[in-house]
Amino acid sequence: MWSYMKSAEPSVFTKTTADGVAKVRKSKGKFAFLLESTMNEYIEQRKPCDTMKVGGNLDSKGYGVATPKGASLRNAVNLAVLKLNEQGLLDKLKNKWWYDKGECGSGGGDSKVSLNVTTSGYLSTE
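With the working numbering, letter number 78 in the sequence shown gets 78, and the count goes up by one each step, no holes.
Because the hints were derived from the structure by calculation, they are not lab data. Among these hints, one or two may not hold up.
[Claimed, not checked] Using C-beta positions, here's what the derived DEER-type ranges look like: (1) 59 <-> 5: 28 to 34 angstroms; (2) 83 <-> 18: 15 to 21 angstroms; (3) 28 <-> 60: 27 to 33 angstroms; (4) 30 <-> 91: 18 to 24 angstroms; (5) 57 <-> 92: 18 to 24 angstroms.
[Unchecked claim] List of simulated lysine-lysine pairs, BS3-like, C-alpha gap at most 27 angstroms: (6) 83 <-> 96; (7) 28 <-> 47; (8) 15 <-> 61; (9) 47 <-> 83; (10) 53 <-> 69; (11) 69 <-> 83; (12) 83 <-> 23; (13) 83 <-> 94; (14) 53 <-> 28; (15) 47 <-> 23; (16) 69 <-> 30; (17) 53 <-> 101; (18) 28 <-> 6; (19) 61 <-> 28; (20) 69 <-> 47; (21) 69 <-> 26; (22) 28 <-> 15; (23) 61 <-> 26; (24) 61 <-> 92; (25) 47 <-> 6; (26) 61 <-> 94; (27) 6 <-> 69.
Since we're looking at a predicted model, the values are computed, not measured. We put the beta carbon where it would ideally sit given N, CA and C, even for glycine.
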């Protein structure tokens, strides 16, 4: 896949996530866009409701907050994020803002699904 991506003309790479999602929506199933899963799931729940995550994630990462090296609050922030994650609050907040307040319902869109693959997880619907 990487060899194809590097050699493809025109280039398959995009400068921004918005450019990648737009390219998928216009591609009629001819363009796949690899995207970080959290952003992927968020976009799926936003109008025009024409994308859907499909397949599993390529990997799994936790939450983190960047601090300057040696910052006095670093350990406290790390522990607080870890505690919120262990208590399930981070997942509850994600569900609230991604899905409960989403614009597309639980299924992504309400039109018929066609196979316009977008990434480690998008299907575009028409």
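Against the structure, the hints:
| no. | hint | verdict |
| --- | --- | --- |
| 1 | 59 <-> 5: 28 to 34 angstroms | violated (18 angstroms) |
| 2 | 83 <-> 18: 15 to 21 angstroms | violated (34 angstroms) |
| 3 | 28 <-> 60: 27 to 33 angstroms | holds (31 angstroms) |
| 4 | 30 <-> 91: 18 to 24 angstroms | violated (35 angstroms) |
| 5 | 57 <-> 92: 18 to 24 angstroms | holds (20 angstroms) |
| 6 | 83 <-> 96 | holds (19 angstroms) |
| 7 | 28 <-> 47 | holds (18 angstroms) |
| 8 | 15 <-> 61 | holds (23 angstroms) |
| 9 | 47 <-> 83 | violated (33 angstroms) |
| 10 | 53 <-> 69 | violated (36 angstroms) |
| 11 | 69 <-> 83 | holds (22 angstroms) |
| 12 | 83 <-> 23 | violated (39 angstroms) |
| 13 | 83 <-> 94 | holds (16 angstroms) |
| 14 | 53 <-> 28 | holds (16 angstroms) |
| 15 | 47 <-> 23 | holds (16 angstroms) |
| 16 | 69 <-> 30 | violated (44 angstroms) |
| 17 | 53 <-> 101 | holds (18 angstroms) |
| 18 | 28 <-> 6 | holds (22 angstroms) |
| 19 | 61 <-> 28 | violated (31 angstroms) |
| 20 | 69 <-> 47 | violated (40 angstroms) |
| 21 | 69 <-> 26 | violated (43 angstroms) |
| 22 | 28 <-> 15 | holds (20 angstroms) |
| 23 | 61 <-> 26 | violated (30 angstroms) |
| 24 | 61 <-> 92 | holds (17 angstroms) |
| 25 | 47 <-> 6 | violated (31 angstroms) |
| 26 | 61 <-> 94 | holds (15 angstroms) |
| 27 | 6 <-> 69 | violated (35 angstroms) |
Figure legend: structure checked against the earlier numbered hints; hints not met, in rising order: 1, 2, 4, 9, 10, 12, 16, 19, 20, 21, 23, 25 and 27.
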